[in-house]
Amino acid sequence: MRYWLMKSEPDVYSIDDLARDGSTIWEGVRNYQARNFMRDDMQVGDRVLFYHSNAAPPGVAGVATIHRTAYPDDTAWDPKNHYFDETCPPGEPRWLRVDVAFEAKLPAVVALDALKANPALDGMLVTKRGQRLSVQPVSEAHFAEVLRMAGLAG
DNA sequence: GCCAACGTTGGC
DNA sequence: GCCAACGTTGGC
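Note that the working numbering has the first sequence beginning at 909, numbered continuously upward.
A couple of the hints might just be wrong.
[As the list claims (entries may be wrong)] Derived DSSO-like pairs (lysine-lysine); straight-line CA-CA distance at most 30 Å:
| id | residue 1 | residue 2 |
| --- | --- | --- |
| 1 | LYS915 | LYS1024 |
| 2 | LYS1036 | LYS1013 |
| 3 | LYS1013 | LYS1024 |
| 4 | LYS915 | LYS1036 |
[Stated by the list, open to error] Label pairs and their calculated CB-CB ranges:
| id | residue 1 | residue 2 | range |
| --- | --- | --- | --- |
| 5 | ARG1037 | ALA1012 | 25 to 35 Å |
| 6 | ASP949 | ARG1037 | 19 to 29 Å |
| 7 | GLY930 | GLU1000 | 16 to 26 Å |
| 8 | VAL952 | ASP925 | 15 to 25 Å |
In case anyone wonders, no lab produced these hints; they're calculated from the structure.
It should be emphasised that the depicted structure is a prediction, and the values quoted were computed from it without experimental measurement.
By construction, the Cβ of each residue, glycine as well, lies at the ideal position given by its N, Cα and C atoms.
With the hints as constraints, model all of the structure from the sequences given.
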């Protein structure tokens, strides 16, 4: 099993939305590195830190699990969709999505500044300045440490 | 709203 | 293949 961090703007889709829906389609990823992680490495049952970006404060808000492995993101072909990619050839899926299921909402957001201040999380990608990747691998130790910070056993 | 950091594009 | 210009991300 692998561990991930996935970013969402809570104004667009928050951990509360995921709790309400039970699961969601994680579409709109338009970055090759993030896509490759989804395509090559994500497996059903992998666990995900659900991260609120562009939030006050930004930080980890919940836990989710991968519910379905990567499949074509057909929003790329929909001109009316926000994530439309006019350069994406019909019939050649370039972008992928996965399905993500709700696991838990953290009792409180583990804020980015708390992540950065924790030496046990040295090297965690999200704590690095300028790190914009919306789908990031997380080590098992870092994943467990974030849950511990949230007051959860894991 | 600002702007630094980053990924992508396109001229050469 | 270099790199300047551009658009986007995301913390602040």
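How the hints compare with the structure:
no., hint, verdict
1, LYS915 to LYS1024, "holds, 17 Å"
2, LYS1036 to LYS1013, "holds, 24 Å"
3, LYS1013 to LYS1024, "holds, 21 Å"
4, LYS915 to LYS1036, "holds, 14 Å"
5, ARG1037 to ALA1012: 25 to 35 Å, "holds, 29 Å"
6, ASP949 to ARG1037: 19 to 29 Å, "holds, 25 Å"
7, GLY930 to GLU1000: 16 to 26 Å, "violated, 32 Å"
8, VAL952 to ASP925: 15 to 25 Å, "holds, 22 Å"
Hint 7 from the earlier list is the only one contradicted by this structure; the remaining hints agree with it.
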